[in-house]
Amino acid sequence: ERYSVNIRYPRELRNDLDTLKRVLVATPSGAQVPIGQLADIHVTMGPPMIRDEDGSLAAFVFIDVKDRDLGGYVEEAKKLVREKIQLPPGTRVEWAGQYRYMLRALEKLKVILPITLMIIVFLLYLNTRSMVKVGIVLLAVPFSLIGAVWILWLLNYNMSIAVWVGLIALAGVDAETGVIMLLYLDLAYDEAKRKKLLRNFSDLKEAIVHGAVKRIRPKLMTVGTTFIGLLPIMWASSHEAGADVMQRIAAPMVGGIFTSFLMELMVYPAIYAVWKWRFEMKQGKADWITQDSDAVNIKT
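44 is the number of the first residue of the sequence shown in my numbering; add one for each residue after it.
Wrong hints could be hidden among the right ones.
Said to hold, decoys possible - Distance condition first, Cα-Cα at most 30 Å in a straight line; then the derived DSSO-like pairs of lysine-lysine:
| hint | residue 1 | residue 2 |
| --- | --- | --- |
| 1 | 236 | 257 |
| 2 | 248 | 238 |
| 3 | 127 | 153 |
| 4 | 153 | 122 |
| 5 | 122 | 151 |
| 6 | 109 | 151 |
| 7 | 109 | 153 |
| 8 | 109 | 122 |
| 9 | 109 | 127 |
| 10 | 121 | 153 |
| 11 | 238 | 257 |
| 12 | 248 | 236 |
| 13 | 257 | 239 |
| 14 | 121 | 109 |
Hints in this document: simulated from the structure, not taken from any laboratory.
Produce the entire structure from the sequences given, and follow the hints as far as they go.
Pasting the structure below:
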């Protein structure tokens with residue numbers, strides 16, 4: 044452990060050089076010698092304090108990074124420092140400040156992201172009890188990232204911890220709405236199967252479209268309420284406290300939910316139709332399939 048100890052002479056000794064030079068210093072033999080005979084004492088300008096890090100002398104160079112991502116700037120600066128500057132022996136360059144905090148946050152994200160995805164998959168499985176349906180939801184989730192990437196590009200936002208938080212939140216919201224879409228598709232499919240209306244792929248497609256149409260109004264309500272909640276954050280002035288961070292969290296959610304609204308109505312039904320046709324109806328795994336040729340209901 045280290046403790047700072049400050050020792051000062053009385054003011055009347057510090058302000059007068061002649062008096063300070065007459066201060067006696069004990070020698071190993073016990074004799075008292077004026078300090079003026081041991082050192083040259085004079086007044087000069089110098090640093091008010093000496094900075095150190097981990098017991099080593101340190102000098103700080105402050106940099107303000109604008110209009111580009113912090114990580115990319117530091118990596119480029121590291122390369123230039125290695126190429127252009129020859130450091131004296133015993134010295135080193137360390138990048139601190141927000142860059143160090145960013146590295147710590149990225150290390151945490153490497154753990155949080157997989158855990159978050161595992162939790163989403165686990166909750167989806169608990170809800171659907173089908174790994175196929177979980178796969179359908181996860182296959183459609185990346186399409187919602189299209190809007191997130193576009194809006195980040197339009198607003199000239201670089202990838203940051205706040206953006207990653209927004210993307211994680213977007214994945215959760217999209218998975219939630221995807222489960223509801225699957226619920227409507229399952230209800231439409233089961234109803235058509237119960238009424239023995241699934242004769243061919245066209246009938247299957249009609250049933251799926253019927254279920255997807257029922258999802259438009261709830262989806263519009265979800266998108267509308269989300270926009271109402273997030274747009275005030277996007278309109279906030281960058282000079283307001285915390286606005287920069289919150290805007291980068293909200294931006295990918297605004298763009299992603301918009302494209303999710305469009306893609307969910309197209310991607311989920313298409314994937315669902317392929318799954319039901321190839322792996323249930325076509326292989327004879329459906330409970331009832333009515334054949335037009337002889338108008339006989341066949342139970343398998």
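Structure-based check of each hint:
no., hint, verdict
1, 236 x 257, "holds (18 Å)"
2, 248 x 238, "holds (15 Å)"
3, 127 x 153, "violated (33 Å)"
4, 153 x 122, "holds (25 Å)"
5, 122 x 151, "holds (26 Å)"
6, 109 x 151, "holds (25 Å)"
7, 109 x 153, "holds (26 Å)"
8, 109 x 122, "holds (19 Å)"
9, 109 x 127, "holds (23 Å)"
10, 121 x 153, "holds (23 Å)"
11, 238 x 257, "holds (19 Å)"
12, 248 x 236, "holds (13 Å)"
13, 257 x 239, "holds (21 Å)"
14, 121 x 109, "holds (17 Å)"
This entry does not satisfy hint 3, going by the numbered hints stated previously; all others are met.
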